[in-house]
Amino acid sequence: MPELPEVETTRRGILPHLEGKRVKAVTVRNSSLRWPIPADLAQHIQNKTLRTIHRRGKYLLLEFANGHVIWHLGMSGSLRIIKADEPPMVHDHVDIAFGGNLALRYTDPRRFGAVLWTNEAILEHKLLNHLGPEPLTDTFNSGYLFDKSRKRSQSVKTWIMDSKVVVGVGNIYANEALFNSAIHPLKAAGKLTQKQCDIFCSEIKSVLAKAIEQGGTTLKDFVGGDGKPGYFAQELNVYGRGGEACKKCRKPLTEKKLGQRTTVYCTHCQK
DNA sequence: CAGCGCCCCTGCCCGC
DNA sequence: TGCGGGCAGGGGCGCT
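Residue numbers (the UniProt record's numbering): 1 to 271.
No incorrect hints appear here.
Listed below are the simulated EDC-like cross-link pairs for lysine to aspartate or glutamate, each with C-alpha atoms no more than 16 Å apart in a straight line:
{"hint": "1", "residue 1": "Lys191", "residue 2": "Asp147"}
{"hint": "2", "residue 1": "Lys48", "residue 2": "Glu19"}
{"hint": "3", "residue 1": "Lys210", "residue 2": "Glu235"}
Worth flagging that the hints you see were computed from the coordinates, not collected in a lab.
All values reported here derive from a predicted model rather than from experimental measurement.
Let the hints inform the model, and build the full structure from the sequences given.
Here you go:
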């Protein structure tokens with residue numbers, strides 16, 4: 001579920017309910033996520049006030065006076081606000097109960113997510129200190145893309161999905177941004193022209209911004225349940241459309257694996 | 001050291 | 001209807 005727009009939507013959705021609230025209890029039903037949830041998580045945040053929630057890439061950072069909870073949703077994780085007494089379902093692994101009978105509940109069937117504690121300067125944490133710029137800020141610009149890509153032989157698609165280059169460009173958006181930029185995903189990153197970097201940078205920003213505006217609607221979410229498609233079904237140009245007609249030239253879209261990720265593109269439109 | 005694969009895990013969909 | 005195989009939106013890590 002979570003690409004950057006979903007993570008940002010989650011942050012914006014839960015923050016107003018939790019900001020300034022005190023942690024009453026921590027319940028961990030299954031600590032076996034990507035890394036074990038630290039056994040002493042509760043003692044760090046019990047009775048502490050949640051100051052705010054930051055986002056860095058796809059990591060959510062819950063700020064307390066004495067440190068941060070680092071939270072990653074992996075492939076299938078989600079966070080939502082519940083009434084503290086709502087009975088847990090099978091994959092509801094963590095609850096953090098706050099005052100006012102509210103709790104933050106973490107659900108993650110595949111358990112690729114992570115919940116960690118750190119009291120070091122947050123951006124110096126090992127998981128965060130190597131990360132590239134945020135795609136929606138000015139430090140991510142076409143000059144940066146061009147300079148950073150010089151001499152890189154790696155395909156532009158796997159390169160742009162590397163969080164050291166830029167954070168938050170997942171498989172869906174990499175496919176989409178490349179199509180929208182008319183760039184072939186297998187092109188060596190170092191062979192991008194300045195002009196292509198201009199367009200690519202702009203398309204990455206616009207597809208992410210648009211998805212955030214749409215509330216990060218995901219592939220399998222449907223509005224209301226009346227079968228009305230959400231953001232992706234309407235807006236995706238290539239992802240999930242292998243073999244179907246290119247929306248520009250009507251030739252069939254090519255689908256192949258690149259770095260174990262499904263890659264969809266138009267050999268006619270993308271060079 | 002850049003770059004490539006592996007792997008963590010469950011759910012779902014498809015074909016037989 | 002049941003079941004096996006393949007695939008899924010991430011990303012750290014160990015190899016070459």
